[in-house]
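From just these sequences and the hints, can you work out the full model?
Top to bottom, those sequences are chains A and B.
So for the first sequence, the numbering used here puts the first residue at 1; every next one is plus one.
So for the second sequence, the numbering used here puts the first residue at 1; every next one is plus one.
Keep in mind the hints are simulated off the structure, nothing from the lab.
Per label pair, the in silico range of CB-to-CB distance:
1. A:119 <-> B:191: 27 to 35 Å
2. B:148 <-> A:146: 50 to 58 Å
3. B:155 <-> A:112: 53 to 61 Å
4. A:146 <-> B:344: 52 to 60 Å
5. B:191 <-> A:139: 32 to 40 Å
6. A:139 <-> B:169: 45 to 53 Å
Using N, Cα and C, we set each Cβ at its ideal position, and we do this for glycine too.
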Amino acid sequence: MSFLTRSRSGAGSSRRVLVPFTRGHLDPTVLAASIRIARAEDATLVPAYLILIPPEYPLEAPMKEECAQAIPLLEAVEHAASKAGVPVDARVESGRTPIHALERLWDVEHFDRIVVPAPVGRDSGFSLKDLTWILAHAPSETVILRPDPALESNAA
Amino acid sequence: MRGHYRILVGMAAGVGKTYRMLQEGRRAQEEGRDVVIGYLEPHNRPETTALAEGLEVVPRLRAAHGGLELQEMDVDAVIRRVPELALVDELAHTNTSGMRNQKRYQDIDEILDAGIDVISTVNVQHLESLNDTIFELTEVRVRETFPDRILDEADEVVLVDLSPEELQERLRAGKVYPKERAEVALQNFFRQDNLAALRELVLREVAEDVGARRHAHPLEPLAQQAVSERILALIEPQPKSQRILRRAWRSAQRLGSEIDALWVRPSGREPTREETTQLAALRRVAGVLGVHFLEEDGDDLVETVRRVAQERGSTYIFVGTPDERRRTEILRGSLLSRMVREIPGIDIRVVADRAMREAESR
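This is the structure in structure tokens:
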């Protein structure tokens with residue numbers, strides 16, 4: 001007998017689009033584009049917050065402040081996707097670096113497409129080095145989304 | 001009657017465990033108790049040596065080892081002396097070969113069995129279950145370990161704490177090791193990041209010990225509820241369980257409560273490879289959220305949840321929407337109604353998929 005939350009919204013959506021983000025920020029234009037991609041592909045959107053654990057802490061250390069950023073943000077993303085009619089199934093993963101956390105996520109779940117926000121104007125997401133690594137090593141088709149720089153500077 | 005066992009735990013050498021042990025010994029002596037030093041490692045620290053003055057020292061045993069003369073605690077002499085309290089440093093120490101006991105914590109066991117109270121000391125890196133973690137953190141493989149049950153079975157576990165900065169300051173001042181050795185230590189084991197990680201480990205270890213003691217001696221249900229709320233989140237080895245953990249975490253922030261996550265594994269069945277992988281991922285999420293992860297064997301889910309909820313002092317149970325077959329519901333009663341009926345006095349919250357609310361409103 002299973003007591004997990006049934007996901008009616010997820011029923012029938014076997015394709016999965018991963019949108020990883022980190023450091024307390026997901027650009028709204030990237031989120032909107034990810035939702036559009038998931039809807040167009042009739043896929044489930046999997047927003048994943050990557051919690052970074054500083055080297056001075058053990059890998060299994062509780063990260064209360066990071067979680068206090070991550071969980072509300074994930075819920076906001078879930079809400080936005082649901083409101084747009086896109087099935088959503090959020091995740092939290094942890095690691096020393098965004099890449100480390102991503103690798104751990106890929107090890108346990110399959111994704112058909114990965115949508116990665118490009119770094120624009122602020123130090124809030126993946127670095128260029130991270131993006132290069134993702135392009136070379138991601139196990140699935142990968143899209144790097146760069147928000148409109150004008151929108152970005154207006155928002156900043 | 002077995003003696004009372006008090007263990008002083010620290011994150012590393014130099015935090016002041018031996019000093020504190022001697023202070024407590026002296027205080028007990030001033031209060032009129034019969035106190036002896038069973039074994040003391042003064043480490044050539046003048047402050048420690050000075051504090052030991054005036055306390056009776058039971059002569060040590062001399063043992064030959066590889067051409068060296070080593071000294072060990074004389075357990076029989078301590079027991080023959082019949083003090084009320086014996087101070088025994090460094091419980092994780094390995095005795096010279098040929099001694100009756102291989103480890104000092106076994107010597108202490110005999111002293112306690114003789115009805116003598118013991119205060120002892122140890123550093124967290126010697127704890128057996130932390131051996132791999134310590135190696136990952138410090139790249140030092142600790143050879144002298146002691147089983148976790150020693151802390152569990154002690155009557156009291158007391159943290160002797162010092163900030164990493166203060167400990168480094170003590171090292172620089174030559175209060176822990178001679179200055180020439182201190183410099184090397186500061187660049188290796190006593191690096192700031194190592195000490196911070198070790199401190200976190202020892203803080204967590206002692207906090208868990210406090211928690212375990214509370215559960216081992218459950219308060220009356222009403223008093224327990226007055227102390228705090230505690231959430232029990234029921235999970236399964238599937239990624240979707242993350243939602244239950246996150247929702248429980250959100251509620252815990254508002255309630256100021258602890259969270260336990262429980263997977264009830266069918267008795268006698270080993271987790272499949274897929275389950276093991278998913279459990280590892282869930283453990284990581286539980287780790288960053290500060291959730292205590294529990295696995296219990298049980299054929300009856302409700303009965304196992306009832307038992308664990310009682311043991312942990314849970315006041316809330318978080319559960320996903322049961323995915324039951326209608327036939328099972330009719331024949332055996334639904335899981336939720338059984339929970340409500342068989343686990344009285346505990347709030348049960350069904351974690352819904354909020355996407356369904358959006359779908360309904362469209």
